[in-house]
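Asker: For reference, the chains in residue letters:
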Amino acid sequence: MTEELMLAGSIRNNAAAQEALYNRFSPKMLGVCYRFAKNREDAEDMLQEGFIKVFTQLHQFRNEGSLEGWVRRIIVHTCINILKKNKKFKESVDLIHAHAIHVKEDMIPAIMQAKQVVECIRLLPIGYRTVLNLFALEGFSHKEIGELLDVGESTSRSQYTRAKVMLEDILVQRKIIFRNNNNKIAGLSSSAK
Amino acid sequence: MEMEDNFYKEDELSSFLNEATSDFKMYPSRRIWYSLYNDLHPSRKWPSVAVCLLLISAILYLGVVNNNSINKNINSAAKVSTADQNKSIAENNSTSASIKEPSDNTEASKLLASSAVPDNTVLYNQQSSGPAIEKDIQSNDISSVAKTRRETYSEINTGSELVATDSKSSSISVGKNEQAGTDIIAVPNTEISLASPNVDLGFIESQVNNNSTEVLSDNLEENSIPASPNTLEEENKKTEKIDLVVANNKSDRDKEWIDNFAFYNKPKKNSFNSKASVKYYITAAEGFRTLTEKQVDILPTTARIQGPISNIAAADPLNINDKITQKSSIGIEVGATLQYELSERWVAKAGLQYNYTNYISYATYLGHSVITNMTVVSADGNDYYQEKASIYLNSPNSRNDNVLNNTTNQLSVPIGLDYKIAGSNKLKWYAGATVQPGIIFGGNTYALSSDKQYYISDQSLFRKGNVNVGAETFLSYRTGNGISLTAGPQVRYQLFSTYKSSYNYSEKLYNFGLKVGLVKHF
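In order, the protein sequence lines correspond to chains A and B. Residue 264 in this note's numbering sits at position 25 of the first sequence, with consecutive numbering throughout. Residue 409 in this note's numbering sits at position 407 of the second sequence, with consecutive numbering throughout.
Note that these hints are calculated values from the structure, not bench results. Any given hint could turn out to be false.
[Claimed, not checked] Cβ-Cβ distance ranges computed for the label pairs, FRET-style: (1) Lys-292(A) to Glu-343(B): 29 to 39 Å; (2) Lys-27(B) to Lys-323(A): 46 to 56 Å; (3) Lys-382(A) to Ile-441(B): 40 to 50 Å; (4) Asn-320(A) to Arg-32(B): 32 to 42 Å; (5) Asn-320(A) to Tyr-63(B): 46 to 56 Å; (6) Ser-397(A) to Val-336(B): 41 to 51 Å.
Where is the CB? At the ideal position from N, CA and C, for every residue including glycine.
Looking at chain B on its own, in the form it has when it is part of the complex:
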């Protein structure tokens, strides 16, 4: 045996190979050393890891602090606004009560007092500043004001024409009560909307009070309660003030704001949370492909040729798909997207998705290797994989019973939009589209040799990056616990070839599938 080994070792070919390759060197990329260094010195990674952690912590801290600060400002603004509003309302009610105070209790003053506060305003004031009203009402013993409000209002409309309320312009125009002979106030063009969330209620109040005071100061003199000199000014203020008749022209949004801030004194909903949701989905899809043969550069230039080219066929004008046996197969995609409602109908989404694609080629297993050619230039421009060993024969006309699974594993970032076509709160119908840039990080491919006679397994042919586009339509059903279920068909198409551009065949994958998803609303 030793002799035999020596015989083999001492053969000419071995000697030649040893001699020829003894000094063969290849220079590794620097990346290898860095990886090696990190493996050998894991502790040295800690400074960089620590710095990274510190940076992340700092960013998170700043984010949290800023967020809290913003929330604080919002809350305090809301509180101030609400407090101002309540105060203003209380004062207004106080004034309303005050104006009903005249001792002679004339019809005119009653009318004025009651008509100064329209339906909605009274209701609003009673709820938000009830104690103030109650106090004023009790102290001035005019508890019948509220009861008689509707009556007096109808009187105004029917006969006395004392007060005409221009509900559109929100202004007050007050005439003279001829029946009672009382001078009535007129507040010209004081257009106010209490309901507007952007209006400073304190400012409004002061404006109103100023106007009221200026106009009423003379006219209401005779109806005022005589006051002691010490409190004259305050009493005058009280008696001269009058509630505004605020037109009932609030929009739905205004009402909602009032409900949120003033009526219930609730903080407004977080707009992001109310509009954002996360969708988890899975799709089972039937995968197909289009395989085309490039018509250019089939024969490399002389300078690039290193291997035999005798079996490199020129581009065949016939459809390559007719020369192979292939079949669709089942693929899958799994992903999660963050969704955000841009408007009532539009939803933007972005996320992360894993795609597993598959289709089948049929070949004949040879049981031995055959050297064949593949016109591929490697990425570094130096190594040409023009010769490859194959054990699978492509022979559509003979027995092709060996299944070759061509698979890819892709990781992509789908970005897109959904459009609500129709639906109610519970059930909605959407159509959507996405662009999905991503990478192919694994799989298995059986590429055709240049003469189309063999299949070559070579993962290095994969193009690293690719882009898919998807279109879908689906129904979304919202359950009661903040979760929606979705289901619908989708189609996905791969824009670029699975293979590197240097390979003389181009393969584009597409699939049709059923996508089911679960949407969790924040």
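Bound-form chain A, shown alone:
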């Protein structure tokens, strides 16, 4: 089924079209949710809630960008809204303690996979993780992140800086990335997919 048919059918509340649209985007969107969520169950809850919004707001999609990008945006906003319901989340975003993080030594992974990178991201404290996800992977600006998370723009920026340092540390220790002589990151990106 083409994207146009899925879109038109889903707007008409056609179950088959909705299922096709869901089947096409849900795996990638669950991956997005998983980066934000505490565990898989929470990620699936986020996905479900997000797709309800997708289907109920689908008529607002103007074909000005890709459907996947639009869906992803809604899913991300849903994830953030769910995270914000947790009281501790706000505290975590506000905390500034990057230099206090202790990252332990690592085993050398046998095969590097995208999932391992995601798991490394998920090791970050939730505040760091959320800001890093939004900024580095979802393309939000710090201003947008500040508005989204109800924190200052500078807080978002500092959170990201610390998150980046911490994540890089983890990735290096896990031998997922390393720095060459020019201090450039040389990731094993070819096998990271």
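Go by the hints and put chain B onto chain A.
Answerer: Structure of chain B alone, referenced to chain A:
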């Protein structure tokens, strides 16, 4: 600012992350789609809901119809039984009166007539079929029968020895009245208990009448009232019949049945309602726990390792409880059970119960996150939560002033028995025990990291199902309006660990509490 954003966006790490995770996919379970479908198409649920409602209605209807049918049968059986009984009694009384009818009114016939009905039988007959008796008595002008009954009975016992009643065997043995020279009947071995609820009174009557007729037909000929040829047979029947002397050997149960069915013509009490009751209760309990460290599988196999294990400590032979600071706390349980009296002393019960458990750990709030390890394998076997961020330091030797409430919300189905140790109708003393299978559906836990240095908040560690056992003793006081109040101590112990078996610590909760309850009898 834009430049700065671009700087961040265009940094190497971001590029790497984007590249590495761009195609990252996870496949959701089918359940998600079904839930989503139901949310998007609520109207589609209606057919299944309608079918369910229809089924429930049908079951309820059948239940009600069957119940009514059973009640009808019981009532009609009771009516028939009572009617038969009344009829039988009336006929018997009629016969009693008839036999007193001889015109010569000899002492023998008087004796026979009166002695044929013992105390209890006369009383019984008078109340249940009074009009028949009255009619017969009036018509035959022997109203003195009842008055002279006691006198004649004593005569029988003292001098005449006309009638000897074997009260144990309920048989009648009648001898000859030598004084009056009248042949007296003998009814050999007609053992009957009118009081038995299972006896067909009509059948008894016919048996009795048959026996009486056979035996008496000849002997009472001369005492019979001459009758017209047309009514000879009926008159013979009347005059030849005699009441049975029914031994007064009814059990308490028999008497109760007579009271219920025959005497007052009341339906018997619904046995379920009389034995069932509902108990609502609440318990405030002090909650404790036993925390043990597993001695096996602390270091996962290489194939299962994904994260750093440097701070995974081997199982420590020392008691883990010595390495943490913890304190009991107050929990609560609320529930309702349906109770059913199995016997005078045993009561079975089953119901629904909510448990809130709590205990306290003390930790030091770090103010920042620390990555630590936890040797836990997730349920799907793929995701290992071996690294976790913690902001609470477990340091018994330093300042541990941050209170961590470890709580669980449990829903369980207590099933058990109560035993009445002692008591009267008003006040009873019981001891009881229950098994409570249930689920943990929420709460908060602070689990120890593998090196025991940190507390990690992770609800996914909860074991979904668990079983508690409880023991209690309580006093029950019955008030006048079908309500009993209960109070007493109880102890509850959780059989399985609060955590999933993959976690290397095992925690079992137990508590001691005071349970107060209200029992509503049907």
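Asker: Against the earlier hints, flag every one the structure doesn't satisfy and list their numbers going up.
Answerer: 1, 2, 4
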